[in-house]
Each structure stands twice: as structure tokens, then as C-alpha cells.
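Just so you know, the protein sequences line up as chains S and Y, in that order. Everything in the first sequence is counted per UniProt numbering, starting at 1 for the first residue and increasing by one. Everything in the second sequence is counted per UniProt numbering, starting at 1 for the first residue and increasing by one.
Read the hints as simulated data drawn from the structure, not as lab findings. A quick note: this is a predicted structure, and the numbers were derived from the prediction, not measured. Not one of these hints is a red herring.
Ranges of calculated distance between the beta carbons of each label pair, as one might list FRET restraints:
#, chain 1, residue 1, chain 2, residue 2, range
1, S, 23, Y, 2, 23 to 31 Å
2, Y, 39, S, 548, 23 to 31 Å
3, S, 524, Y, 95, 51 to 59 Å
4, Y, 94, S, 98, 32 to 40 Å
5, S, 586, Y, 90, 16 to 24 Å
6, S, 571, Y, 40, 23 to 31 Å
7, S, 121, Y, 90, 37 to 45 Å
8, S, 121, Y, 39, 53 to 61 Å
9, S, 284, Y, 95, 46 to 54 Å
10, S, 267, Y, 95, 25 to 33 Å
Subject to a maximum C-alpha distance of 20 Å in a straight line, what follows is the list of computed EDC-like cross-link-like pairs (lysine to aspartate or glutamate):
#, chain 1, residue 1, chain 2, residue 2
11, S, 433, S, 95
12, S, 125, S, 347
13, S, 473, Y, 42
14, S, 250, S, 240
15, S, 473, Y, 94
16, S, 125, S, 15
Stretch by stretch, here's where chain Y covers chain S in the computed footprint (C-beta under 8 Å, at least three residues):
#, segment
17, 25-37
18, 451-461
19, 466-475
The beta-carbon is built from N, C-alpha and C at its ideal position, and this holds for glycine as well.
Chain by chain, the residues run as shown.
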Amino acid sequence: MSTNVEGWKDEVYGEEIREHLFEFAEEGWESIPDDEHDAWFERFKWWGLYHQRNGQESYFMMRIGTPNGVLEPGQLEVVADIADEYARGPADNPEFGGAYCDWTTRQSIQLHWIRIEDVPEIFDKLEANGLSTMQACGDSWRNIVGCPVAGKDKHEHVDAWPVAEQLHEEFKGNDAYENLPRKWKVSVTGCDEGCGQGDINDLAFEPARKEIDGEETMGFNVRVGGGLSRKEPRFARDIDVFCTPEDAPKVSAGMSALFRDHGDRDDRFNARIKFLVDEWGTEKIRNTLQEEYVEYELPSAGDDLREQYTYNAGRQDEHGDHIGVHEQPDGNYYVGLNVMVGRMGVDDVRELASLADEYGSGEVRLTQRQNVIVTDVPEGSLDAFLDEPLLEDYSPDPHPFMRGSIACTGTEFCSLSIVETKNRQVRYARWLKENVELPAGIQDFHIHLSGCTASCAQPQIADISLRGMKTRKDGEPVEAFDIGLGGGLGEDPHFADWIAMRVAADEVPGYIRNVLAAYEDESGEESFREFIAARDEEELEALAEPEETDYADPYMHNTKMTWYPYADEDEMDDRPTPARADGTPITADD
Amino acid sequence: MSIDVHQLDAGAWISVNDSREVSVSNLWRLARQEFCGCEMADFLAEGFVEVGVDTRAIEARIAGQCIACGASGVTDWLAVGRVLDGEFRPVVPESVHIPCRRSRLARPASLE
Ligand code: HEM
Ligand code: SF4
Ligand SMILES: [Zn+2]
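Bound-form chain S, shown alone (with noise of 0.2 Å):
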């Protein structure tokens, strides 16, 4: 039987959701019927708003879909000030502040504290600057991702970016695709380093040369169903397909028809294409859209790039990232800079978009490892920008264990998760740049902190995996991580193995350390992704243990009990939710 979120979807989605949006703003959040709630949340996702988690009734989650991470000039000015004036909750976090920007795994950008009536007007002013929420969260199309610097990258072969904002144009508010049986991630890749994260998408474009016609093309493979959530983590498969770029929007419409007519609509666990992929294969995945999606003969696959990839590929030799300071082909340069679980106070997004202005040409791009780059900077004023003092806290040269760092949003607003992530990360982070030595040769060093196994961290793909747990210490339950090592992309891209299990939080650091310590005695050249690969999982098992150190954390205790983890008064009897437009709480009696 179909489920009850497909049942509402057939009466209400898409589109059309806008406008019972902006009624319920209208009248405010108590105007959104009791026996509905459950129905109209399912349907704001697709307008980009995710209600948080419990405890925090009446707030929201607003993604705002940025493709490939660009942001034009003058936009992220507009979201500062969006952040700053409505961004704000009834508890500040003490990292990071009042009101904050998120920039995500997926090149988004996400705001917490939403309040429903304020949903018009910020619409406005995200829409009257090129800017949406749409589909940036529901079942459909969701926000494109590809090389953060596509068009502007000296290891480009096919400029991505045209390709990426005409899929984002057609398929955006496409009638055709707007309600699929689940999310639909895709990625455009051109590079050679392979920084379009393609194997973790369920539709991925990466570059690829193939005669046709007698002529050297350079265009796509085409690769289907990855995707890393619950635990079942899946790289996407090769099927077999050569696309030119103006082709793209063809396969991709063919695909994603695909998925909408054959994914799962009964069980929404088995919806997502990697699993369609799984059942089917990828030979009747090739010849469904052959036969049934697509009107042009599909050429067989051309050669691809892969052996080339750099990105997060676990070398030594090259850093696996934007950050730093790049020559664009242009004779300009684009500065890659690093935010800690990729949040930043709104004083300081401000600041970088002024930055943005005076040195570069405005234009800012988000990565898929939560950082920014400012792009179009002369070399000659380079050193200036070098110099300017945001740069201290968002480094182009940052520690390894800063550079590596990256955290889902975790129990401060999320329903699913079962640990505290982001404060925690930047305080794990901290401590190893304190008291970890890194062993010589090692560039980069990633460690991957998701709140649970939705693993929107990415956590699969790092050299440590952190995925949030439970374990006891003394009997107490506190907040603990599943530990992995030994992931990421590349040629031959490698999900981490899961070694330690279960430990508490507080003893993850010095694990870490002990893990580094093995490593540095133990290996001779190799990676340390290398030395993972050639241990089984037995000597992994042997190799370090958890222990304690004078990392103190504060987030051990079940913050997800909390209403908010860095309240002063932080039970859940004591929030402040639901609340009236101006904050005053909605007592159950009123």
C-alpha cells in the first residue's frame, strides 16, 4: 500500500504548496489545523522549510539551494542580512552566536529559527536577488552539485557550470519532476580532480572524452544510484553512457522520469535509485531509459578521467580541496578558505561578502566540504585580501585537523540525530591541533563527523569516520560515535570500515591520537589510506584504543532530551516552543 507521505502528496505538492505557505504566514503558525501539521510539514520541505526537532515546534529549518555552491555577486550579502534579521532563536549557541549562516555538504545554505509568518517576506527578498528555497529539501530535484570552481579551474575539460544552471533552470519548478518517489541528488563534474563528489549522487555527469563521428568529444559518463544514508552506502554505478554537454538535460530528464515512474512509492526506506539500481542492474537500468526515455541512441561510455583524480583521493603528494590560493585561467585567483563544520556568525558572512566585493568581482562559491572560495581576485591584490583579519578565522592555510573537519547539524535542530555534532568537532579539532602531532607527509587529514547513519556529514568518505552513538560509562548513557577509518573518493573511491565501535565521546580524541601514533610507527611511504586498505579488520581492531585525555566534553549527557543543548535552562519542560511570531510562547491552556 502506498504510504501516507504519497497520500499527501497526491492531494497537495509542488508548486502549489507556495500558496497555502503564505496563508498559514499569513494567519500565523496557530492557523496551520492541529490534525494537519503532520501533512503540511511533509509539504513545506519542498518549498525548502524543515520543521526542527522536538522541543522546537514552530521553528524552522530553511535551505536555500544554491547550484554548484555560486553565489553571485551581491547575493550573499542578501543572505547575511536575511540571517541576521530573522535567523535568530530564543537560545544563542555559544560558538558560533544569535544567527548564523550553514553552508552544507551539498553546496547549500542553511538558516535555523524560521518562523512561518516571516516566510513572505524573505521569499521576496531571496527571489528579488535570483535566490530560492525550492526543492531544496523534499522529494525531487534537489540542489545540483559540481566543482565549486567550474569555469574558473585550470584542470577543467568541460565547463561544468553551463551545464549545472541549465539543468538547475529546467528542472527547477518542472511540473514533470517536481513530485519523484524520494530525494533526486545530481552532480556535474568537468575537472580532472573529480570535486563534483559524482559516486555519491544518484545521478552523476563526470568527464569524459569519446570519438564521434570521427571527432574527438569531450562530454560525460554517465554513473546512477549513489547515495550514503542508513547503512546502506552505495557509490553510483557506470551505465554505460557517453552524454555531450548539450545532451545532459535529455538524460537527465530521461533518469529522473525513470525513477519517478519505477522507484518505490509503497516503502519509502527502499525508495531512493540505488536500491532501484540494486534490484535491476545497470544493463535494464541502460535499457529503460534506451527504450522508454530517451528518442537519441545512447553511445557507450567514452574514457573517463578517473585515474586522474586528486579530490579527497587520500594522497600525499596534492592537497584533496579548494583551500588555499589558485591561479584561475584567466590570470586571476581564486582563494579557497576554511570554516570550521561550515558555520559562520553573520557579522563575519557580511564581512566576506564585502571582501568579496573589494577584492574579487562578488562572486562567492559554497564547496561540498562546507567551505567557501572567494573567486576573481587580481594577483595584485592578493596579498592585500591575504591580510585582511577575517582571514585569521577562516584560514586558506588552515591546520590539517581545521582543514579536515566536517559536521552534520546534529541534535541542536535535527530530528534524526542522536549526538551533539558541530560545537563538538570544533572542539575535537581544537584539541588535535593542540596535542596531535601529525605524522610527516600526511597533507590532509579528513575526519567526518555525521549525528546518525542519514550520514549527512558524508562520513563514509574520510579518513576517520565519526557516526553518532550511545554507550554507557558507569552506567550513564552518553553520547558516543561508531568509528571508521580509512574512506574517500578518488579513482577508486572506498567507504570507510567500521573499527571502533561505541566509543564514548569524550575518548574519540585520544583514539584519534593513538590511531596516528600506530600509523606513524608502523607505516613506511604509504597513505594513510593506503595502510588502512592493507590491514584486515582484525589488526585494524588491535591497532589503537580509546582513551581519555584532557579533552573535556561538555555535550556528553543525552542532549537530544534537551530543548535546545546550550540552553541555560535546557529541559525540555523549560522551552519556549511553540511560539507566537514575536517569540512569546503558546501555552497549552491559550
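Here the structure of chain S is known, so what remains is to put chain Y with the ligands in place on it, guided by the hints.
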């Protein structure tokens, strides 16, 4: 009176009559269970896989892990609360629960 239950946000919580009632991340004590080899499983709820109603009892199968032995999977049916006088009364996760092989569901559990 009809009771409307479903799991939402990829199994993050159980809604009872459009009210968020049971969340993931709690530890449940499970006795006489086949989930793992422990006498008493110390089970971390990570996601609600199926939910259903048996007259007034709300039941669920939960994905998660026993943090004592590490076994992971999906439990048999567990009562997570009841509806009395139109109000949901949750069970206390930390007290002892006994999973049932079959749910005596009055109507099929709806996924989501
Ligand atoms: C209110 C907070 C959030 C909620 C409730 C939420 C929910 C989810 C859920 C339920 C999944 C897994 C479902 C599935 O893929 O089948 C998921 C996956 C994912 N989400 Fe989130 N999320 C939240 C915040 C975030 C944030 C902050 C990011 C980025 C930093 C993010 C990016 C992703 C990514 C990259 C995945 C990976 C899934 C895959 O590759 O298959 N989400 N999220
Ligand atoms: S990984 Fe889990 S805890 Fe983290 S944001 Fe995603 S759903 Fe929430
Ligand atoms: Zn057990």
C-alpha cells in the same frame, strides 16, 4: 475514535494524531527478546521502521543497535504507548519491554 499514527522524517519520530510523540535516540531495555544474545538488550532506537495501532496501543518496529553487544537490526513489535481519553501516554523506554513476534494490528501498519 480513530487513531492516526505514522513515522516521519525518515523514521525519526512517531506521530500520533499529528503530534510528535516518540523520538529516536532513547535507550530501551528489552527482555525475552530475539534481537540479540543479551539477557536484557540495551537497545538504542535509531529509526522507526513500521508503526501500527492495536485498539489503543501504539506499536512499532524499531531499527537500532544493542549497545551492550553491538548487534544491530530491527526489533519485533514493541508497545511504545497508548491512547487514553484521546491522549497519548508514552511508555518509559528505560523500563523493561518485551517485543512481540507479531503485532495484533487492528489495521495494517502504515509506513510513514
Ligand atoms: C534539520 C536537519 C536535517 C535533517 C532532518 C536531515 C535529514 C536527512 C535525512 C533523513 C537524510 C537521509 C535520508 C535519505 O537520504 O534517504 C539525510 C541525508 C543527507 N542530508 Fe540531511 N538532514 C538535515 C540536515 C542536513 C545538513 C545540515 C546537511 C549538510 C550539511 C544535509 C545534507 C545531507 C546529505 C549530504 C545527506 C546524504 C544522503 C546521501 O548521500 O544519500 N542534511 N538528511
Ligand atoms: S546525519 Fe543525521 S543527525 Fe546529522 S543532520 Fe543528517 S539526519 Fe541529522
Ligand atoms: Zn545485546
